[in-house]
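> For reference, the chains in residue letters:
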Amino acid sequence: MKRDEDSFAEFVASRGTALLRTAYLTCGSRDEAEDVLQTALERAYRSWARIESGADPEPYVRRIVVNTAISRARRRAILRILPTATPPDRPAYDGAPSLELRDELMRALRALTPKQRAVLVLRYFEDLTEAQTAEALGVTVGTVKSQASRALARLRTLIEPHGTDLREVSHGAGA
Amino acid sequence: MALELEDELRRAMRADTHGLRVGADLVDRVRTAHTRRTRRRRRTAAALLAAAVAVAAYPAYQAAAPEPPAHNVVSPPGDPGARAGTGKGVVLGEGGAIDAAYLPAGAVYEGSVTSLSDAWTSVEGTWTMPGGGRLTLSILRAPLAGPEDLKRLPPFDGVSSWERVPLPAGPALRKPDGTQMLWLVRPGVALHVAMTPASAGELLKIARSLTYYPTTSDDPSEKGARSGMGPGDALVDDFEVAHIPPGLQRGPLDGSPEAGGRVGVKAVEARWYSPQEDWSERGPRLTVYVMKVPRSWDEARLHAESAPGTGRPVRARVGGEDGVLSGEPGRTRILTWIPEPGVGIQVRARGYRSDAELLKVAASVRRP
Numbered sequence: 001m002k003r004d005e006d007s008f009a010e011f012v013a014s015r016g017t018a019l020l021r022t023a024y025l026t027c028g029s030r031d032e033a034e035d036v037l038q039t040a041l042e043r044a045y046r047s048w049a050r051i052e053s054g055a056d057p058e059p060y061v062r063r064i065v066v067n068t069a070i071s072r073a074r075r076r077a078i079l080r081i082l083p084t085a086t087p088p089d090r091p092a093y094d095g096a097p098s099l100e101l102r103d104e105l106m107r108a109l110r111a112l113t114p115k116q117r118a119v120l121v122l123r124y125f126e127d128l129t130e131a132q133t134a135e136a137l138g139v140t141v142g143t144v145k146s147q148a149s150r151a152l153a154r155l156r157t158l159i160e161p162h163g164t165d166l167r168e169v170s171h172g173a174g175a
Numbered sequence: 001m002a003l004e005l006e007d008e009l010r011r012a013m014r015a016d017t018h019g020l021r022v023g024a025d026l027v028d029r030v031r032t033a034h035t036r037r038t039r040r041r042r043r044t045a046a047a048l049l050a051a052a053v054a055v056a057a058y059p060a061y062q063a064a065a066p067e068p069p070a071h072n073v074v075s076p077p078g079d080p081g082a083r084a085g086t087g088k089g090v091v092l093g094e095g096g097a098i099d100a101a102y103l104p105a106g107a108v109y110e111g112s113v114t115s116l117s118d119a120w121t122s123v124e125g126t127w128t129m130p131g132g133g134r135l136t137l138s139i140l141r142a143p144l145a146g147p148e149d150l151k152r153l154p155p156f157d158g159v160s161s162w163e164r165v166p167l168p169a170g171p172a173l174r175k176p177d178g179t180q181m182l183w184l185v186r187p188g189v190a191l192h193v194a195m196t197p198a199s200a201g202e203l204l205k206i207a208r209s210l211t212y213y214p215t216t217s218d219d220p221s222e223k224g225a226r227s228g229m230g231p232g233d234a235l236v237d238d239f240e241v242a243h244i245p246p247g248l249q250r251g252p253l254d255g256s257p258e259a260g261g262r263v264g265v266k267a268v269e270a271r272w273y274s275p276q277e278d279w280s281e282r283g284p285r286l287t288v289y290v291m292k293v294p295r296s297w298d299e300a301r302l303h304a305e306s307a308p309g310t311g312r313p314v315r316a317r318v319g320g321e322d323g324v325l326s327g328e329p330g331r332t333r334i335l336t337w338i339p340e341p342g343v344g345i346q347v348r349a350r351g352y353r354s355d356a357e358l359l360k361v362a363a364s365v366r367r368p
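Line by line, the protein sequences are chains G and X. Position one of the first sequence corresponds to residue 1 (UniProt numbering), numbered consecutively onward. Position one of the second sequence corresponds to residue 1 (UniProt numbering), numbered consecutively onward.
Just so you know, not all the hints are guaranteed correct.
[As the list claims (entries may be wrong)] Dumping the calculated DMTMM-like pairs for lysine to aspartate or glutamate here, alpha-carbon to alpha-carbon at most 20 Å:
(1) K145/G <-> E126/G
(2) K145/G <-> D127/G
(3) K360/X <-> E321/X
(4) K151/X <-> E124/X
(5) K145/G <-> E6/X
(6) K145/G <-> D7/X
(7) K151/X <-> E163/X
(8) K205/X <-> E124/X
(9) K145/G <-> E4/X
Keep in mind the hints are simulated off the structure, nothing from the lab. Note that the structure is a prediction, hence the values are computed from the model and not measured.
Go ahead and model the full structure; you've got the sequences and the hints to work with.
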């Protein structure tokens with residue numbers, strides 16, 4: 001048990017922050033992300049010896065984190081009407097396209113469905129493969145592909161009406 | 001060079017999370033929460049086992065079970081767990097419980113985990129041995145007609161050889177290294193005992209000490225014949241959902257602390273969905289919540305707490321009780337009621353043109 005305790009603490013020390021960031025991006029709230037991570041780690045702690053007997057505990061814990069975050073985000077969406085009608089004020093376009101675009105993207109990311117958001121977080125923040133993403137979410141690779149495609153299309157739709165044309169901005173940033 | 005949306009999204013996410021760090025006390029908080037939860041579980045398990053024993057004992061091995069030793073108790077003196085039944089450890093599952101009359105000295109209960117798949121359900125209780133090994137006791141529910149079907153259960157189909165070990169209720173299967181045993185206690189229900197190799201010498205003694213108690217009418221073959229569903233499909237916490245709309249299959253069962261959302265009290269959430277649709281898509285979906293709520297709450301208060309902002313609520317009747325119906329017609333419809341003081345039930349149905357299926361499901365929710 002002592003060995004388990006030590007290895008659990010080491011795991012949290014080395015991977016806790018990365019998992020917290022994934023939880024935050026998936027559920028969209030820092031306070032909730034901390035709660036999600038603690039809940040997920042508690043579940044993992046209960047069966048830590050069994051997890052550890054396998055190779056790497058991180059995929060297992062990440063799966064709990066992401067699915068807990070999705071579950072909470074869905075429930076929040078169901079149980080509370082999210083204030084989407086009045087988006088926060090946008091800063092005036094100040095010639096710093098990348099910063100503005102990133103704000104736009106993060107707002108748009110939070111407007112996606114929890115599952116779509118999770119797919120994008122796992123694919124482009126965690127840099128997981130489609131197969132690893134499918135494993136983490138408990139869905140097929142085909143579902144990951146279709147969700148990612150829809151999510152990216154939705155992101156484009158959400159940012160373009162507000163004058164943030166990705167390609168123009170990107171060209172401008174690179175110029 | 002033109003940047004892709006994916007690249008910019010990647011940068012945006014990294015920038016947005018740059019300053020985020022876990023607190024230094026996270027491990028301590030996890031351990032403290034785990035300890036509190038384990039204590040709560042043991043108290044609940046003991047109370048439920050006492051009820052199960054009173055309802056109907058199914059003496060799987062009682063005749064051959066050795067006298068439990070006076071020592072080796074899992075529960076400390078004075079703990080309710082030590083007084084419930086005769087056992088030293090308890091595992092509760094959907095519709096059944098295991099009472100272990102013998103466990104090795106110093107075994108410490110760690111908690112239980114429910115798993116659900118298309119083919120089977122399991123509830124697995126785990127104990128840590130003094131030397132660091134582990135013991136798990138599990139109740140498995142699956143379409144099992146006889147002992148040979150056990151070998152086809154997903155967790156065990158990779159085991160190439162089993163030994164047959166006689167037990168009073170019939171043959172059990174044991175792995176040659178002595179680390180696992182598996183046997184049927186009734187059609188559709190199997191018990192599984194597993195230990196890490198260091199403690200495997202105790203396996204047979206523990207197996208012989210187990211008694212299985214059904215807490216409900218849980219013969220899966222009967223249930224399947226009646227409703228066309230698989231084992232465990234229709235049980236949510238202490239309630240049975242006798243009617244599930246055609247074409248839906250059981251999804252995850254969530255008994256975690258966050259189940260039930262902002263109600264903030266214990267809830268169990270069960271979902272059914274169309275297998276042709278991805279979970280997040282727009283296909284038919286049914287969710288049933290069983291919530292433990294303050295006894296002073298009525299259906300209006302439960303609705304206000306658990307389904308605010310879901311459209312204009314109207315009164316409804318569910319099995320003689322007043323309920324609240326809300327939601328958007330043609331999309332998700334929500335029916336909430338209090339079947340008995342302190343218990344709230346909410347059924348959400350999505351993807352149906354009328355409320356007929358929602359009302360049929362709600363009317364079928366009852367204690368088995």
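> Please go over all the hints and tell whether each is borne out by the structure.
Cross-check of the supplied hints:
Using a Cα cut-off of 20 Å, the hinted pair K145/G and E126/G holds, with the two alpha carbons roughly 16 Å apart. Distance check on the hinted pair: K145/G and D127/G sit about 14 Å apart at the alpha-carbon level, within 20 Å; holds. The hinted pair formed by K360/X and E321/X meets the criterion: a straight-line CA distance of about 14 Å does not exceed 20 Å. For the hint linking K151/X to E124/X, the alpha-carbon distance of about 18 Å falls within 20 Å, and the restraint holds.
At roughly 14 Å between alpha-carbon atoms, K145/G and E6/X fall within 20 Å of each other, so this suggested pair holds. Straight-line distance between C-alpha atoms of K145/G and D7/X comes to about 17 Å, which keeps the hinted pair within the 20 Å bound. For the hint linking K151/X to E163/X, the alpha-carbon distance of about 12 Å falls within 20 Å, and the restraint holds. With a CA separation close to 19 Å, the supplied pair K205/X and E124/X stays within the 20 Å bound.
Proposed proximity of K145/G and E4/X is supported: the alpha carbons are some 17 Å apart, at most 20 Å.
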